[in-house]
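Residue strings, one per chain:
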Amino acid sequence: MPISPSEIKWVDERTLRPWDWLYLPALWDGLSTTVRHMFSRKVTIEFPEQRPSIPPHYKGVHRLNRDEQGRVRCVACYLCATACPAHCIDIVAAPSPWPDREKYPELFVIDELRCIYCGMCEEACPVDAIELTTLYDLTGFSREEMLFDKEKLLAVYDYTVAKGSDPIRTHRGVLGPASEIASQQPAPLPNT
Amino acid sequence: MDWLTIGLILFVITWLQTVCAYLIYLERKVAAWVQDRKGPNRVGPWGLLQPIADGLKFLLKEQVVPAHVHRSLYILAPSIAVITTMLAFAVVPFGPTDVSAPDRLRFIIAPNIDIGLLFIFAIGSLNVYSIILGGWASNNKYSLLGCLRSAAQIISYEIPLALSALGVVLLAGSLNLEQILHEQARAGLSGWLIWYQPLGGLLFFVSALAESNRLPFDLPEAEQELVGGYHTEYSGLKFALFFLGEYTHVITVSFLMAILYFGGWHFPAIAEYGSRYIGATAIKVLILWAKASLFILLIMLLRWTLPRFRFDQLMHLSWMGLVPLALANLVTVMLVRHWALRPWLLAPGSLLILLAALLWLGLLREKRYAT
Ligand code: SF4
Ligand code: SF4
Numbered sequence: 000m001p002i003s004p005s006e007i008k009w010v011d012e013r014t015l016r017p018w019d020w021l022y023l024p025a026l027w028d029g030l031s032t033t034v035r036h037m038f039s040r041k042v043t044i045e046f047p048e049q050r051p052s053i054p055p056h057y058k059g060v061h062r063l064n065r066d067e068q069g070r071v072r073c074v075a076c077y078l079c080a081t082a083c084p085a086h087c088i089d090i091v092a093a094p095s096p097w098p099d100r101e102k103y104p105e106l107f108v109i110d111e112l113r114c115i116y117c118g119m120c121e122e123a124c125p126v127d128a129i130e131l132t133t134l135y136d137l138t139g140f141s142r143e144e145m146l147f148d149k150e151k152l153l154a155v156y157d158y159t160v161a162k163g164s165d166p167i168r169t170h171r172g173v174l175g176p177a178s179e180i181a182s183q184q185p186a187p188l189p190n191t
Numbered sequence: 000m001d002w003l004t005i006g007l008i009l010f011v012i013t014w015l016q017t018v019c020a021y022l023i024y025l026e027r028k029v030a031a032w033v034q035d036r037k038g039p040n041r042v043g044p045w046g047l048l049q050p051i052a053d054g055l056k057f058l059l060k061e062q063v064v065p066a067h068v069h070r071s072l073y074i075l076a077p078s079i080a081v082i083t084t085m086l087a088f089a090v091v092p093f094g095p096t097d098v099s100a101p102d103r104l105r106f107i108i109a110p111n112i113d114i115g116l117l118f119i120f121a122i123g124s125l126n127v128y129s130i131i132l133g134g135w136a137s138n139n140k141y142s143l144l145g146c147l148r149s150a151a152q153i154i155s156y157e158i159p160l161a162l163s164a165l166g167v168v169l170l171a172g173s174l175n176l177e178q179i180l181h182e183q184a185r186a187g188l189s190g191w192l193i194w195y196q197p198l199g200g201l202l203f204f205v206s207a208l209a210e211s212n213r214l215p216f217d218l219p220e221a222e223q224e225l226v227g228g229y230h231t232e233y234s235g236l237k238f239a240l241f242f243l244g245e246y247t248h249v250i251t252v253s254f255l256m257a258i259l260y261f262g263g264w265h266f267p268a269i270a271e272y273g274s275r276y277i278g279a280t281a282i283k284v285l286i287l288w289a290k291a292s293l294f295i296l297l298i299m300l301l302r303w304t305l306p307r308f309r310f311d312q313l314m315h316l317s318w319m320g321l322v323p324l325a326l327a328n329l330v331t332v333m334l335v336r337h338w339a340l341r342p343w344l345l346a347p348g349s350l351l352i353l354l355a356a357l358l359w360l361g362l363l364r365e366k367r368y369a370t
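Sequences listed follow chains A and B, in order. Going by numbering that gives the first Met the number 0, the residue at position 83 of the first sequence is 82; the numbering climbs one at a time, nothing skipped. Going by numbering that gives the first Met the number 0, the residue at position 265 of the second sequence is 264; the numbering climbs one at a time, nothing skipped.
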């Protein structure tokens, strides 16, 4: 979209007046700004006690969404693993025990340390099964601990749904039997 | 050398170190406030124990000496930084002193040194060796660049520093800091030399800031250009010594500003020359320290106000700006002294010098635009 001329503000360099050549007025201006900021409201968020409010489009830890029957929504199509630029999604597909889909993931592991949190997996998924949440304080004691498997990713879903912080963001309508669960969205965004 | 002196030296060394540690804390706090942050607040209430934690960290850190350095000079450099700045403090009175009876309770290590100010300049200029040796011995090109800049900077700014202080010396008729303070206190509020030497005070402050390598004159350690400047290769306690040197320098400069230009411990009504009430000494000490603290605070605020000078601007400011102004200021004082004119003439004199400088700048600009 081109920028309309009304939005452009031209700033000309101010011509210096003679007393400006001594730097002293500028110095005074600068010092008053500095002092003003000394007493202005602080923006620090003292982290462990105070938590920042994270916008819902934040890309944090992944979750695997559940469908209305509480089953994992993923149909093991490998699209996310293919799209992932960091190659950190590991899926082992198995024939689905349920009649409405062919496959389901027997194993679904995301290496959260290798992930670059780009969100490509979320973009790629045809059934909105994988999403990035607003959980940002991801820590662990070992590398193994940071390999999130299916159960852990589903647990992240349960946790974020219970917390109410992450509505299901991507909803593209009818894409397959597993995606028709609009009734189960925790807190649908108004215009999705 | 008597026990009083030894005790005083020990006191001043410990006191300076504690104050330096807390100045670093204050510096971080001020930096945070200016940037709308809260600053260190985790160790102890309001983070007050932070300096102790920092000091412990410096002490316990591994003493790394890189393999490629000139060992003895590398270790010598930070020691020089501390020794010279601490030595300079020996002649600075940090409380009311009695010029006539120097051996009573006193607030100066070496009382009645007739070359006081000269001593400070002489010792202070030795400080450049710590930077040059540190930079050269580190065997690192960034350190070397930093120390070369520093050499040029400190030598250039020593001239306006001494020239501007000479005005005070001529007015007070003494190089003795106690004497200068004494004269001002006796004359009362109207005796503060800042009224007679506003330009001199400004020049002195600017050059002293440059001497102590504080922003906006921190070219020797410009992080963005030189990694860490002359102390790139230093860590742990040796780095802390450089820091200690810098902050002691800042303290000395602030005390000098308070003593030379702002009447030292004198304050109208509360601490007059003749004040003899109980606790008057304590009040005077507090007033002097409060004045010095204000200058320390100003120096810290300036750090977050002004961007760093470019090297040519730095040299230009000193040689084309400060040196001529300081010379003109000195000549005015000399004229006033020579013809025994009224000293208050010096204030309009300063203004006249500034106006002349403006005119000169204007002419320069005309010429630049004309060509
Ligand atoms: S966010 Fe990006 S890097 Fe991480 S798993 Fe998804 S596609 Fe891979
Ligand atoms: S793209 Fe979606 S459905 Fe396909 S494997 Fe990944 S999470 Fe499962």
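These are calculated hints, taken from the structure and not from any lab test. Just so you know, these numbers come straight off a predicted model, no measurement behind them. Do not rely on the hints blindly, as some may be mistaken.
Lysine to any residue pairs mimicking SDA-like chemistry, simulated, CA-CA at most 25 Å apart [what the hints assert, rightly or not]:
| hint | chain 1 | residue 1 | chain 2 | residue 2 |
| --- | --- | --- | --- | --- |
| 1 | B | K140 | B | F118 |
| 2 | A | K41 | B | L47 |
| 3 | A | K58 | A | M145 |
| 4 | B | K37 | A | P47 |
| 5 | B | K37 | A | D28 |
| 6 | A | K41 | B | K56 |
| 7 | B | K37 | B | A289 |
| 8 | B | K37 | A | P51 |
| 9 | B | K37 | A | A161 |
| 10 | A | K58 | A | R16 |
| 11 | B | K60 | B | L75 |
| 12 | A | K41 | B | L75 |
| 13 | A | K41 | B | L59 |
| 14 | B | K37 | A | I44 |
| 15 | A | K151 | A | K41 |
| 16 | B | K60 | B | L47 |
| 17 | B | K37 | A | L106 |
| 18 | B | K56 | B | A30 |
| 19 | B | K37 | A | E48 |
Here is how each hint holds up against the structure:
1. B:K140 / B:F118: At roughly 33 Å apart (the allowed maximum being 25 Å), F118 of chain B and K140 of chain B break the hint.
2. A:K41 / B:L47: Holds - the C-alpha atoms of L47 of chain B and K41 of chain A are around 19 Å apart, at most 25 Å.
3. A:K58 / A:M145: holds (17 Å)
4. B:K37 / A:P47: Since the Cα atoms of K37 of chain B and P47 of chain A sit roughly 15 Å apart, the hinted pair holds (cutoff 25 Å).
5. B:K37 / A:D28: OK: K37 of chain B and D28 of chain A at ~24 Å, within 25 Å.
6. A:K41 / B:K56: Violated - the C-alpha atoms of K56 of chain B and K41 of chain A are around 28 Å apart, more than 25 Å.
7. B:K37 / B:A289: It holds: about 24 Å lies between the C-alpha atoms, which stays within 25 Å.
8. B:K37 / A:P51: holds (16 Å)
9. B:K37 / A:A161: violated (34 Å)
10. A:K58 / A:R16: Given pair K58 of chain A, R16 of chain A is violated - Cα atoms ~51 Å apart, limit 25 Å.
11. B:K60 / B:L75: holds (19 Å)
12. A:K41 / B:L75: violated (43 Å)
13. A:K41 / B:L59: Between K41 of chain A and L59 of chain B the Cα gap is close to 34 Å, so the pair fails against 25 Å, i.e. violated.
14. B:K37 / A:I44: holds (9 Å)
15. A:K151 / A:K41: Roughly 38 Å between the alpha carbons, so the hint for K151 of chain A and K41 of chain A is violated.
16. B:K60 / B:L47: This hinted pair holds, its Cα atoms lying about 21 Å apart.
17. B:K37 / A:L106: violated (46 Å)
18. B:K56 / B:A30: holds (21 Å)
19. B:K37 / A:E48: Holds. K37 of chain B to E48 of chain A sits at ~15 Å (cutoff 25 Å).
Hints 1, 6, 9, 10, 12, 13, 15 and 17 from the earlier list are contradicted by this structure; the remaining hints agree with it.
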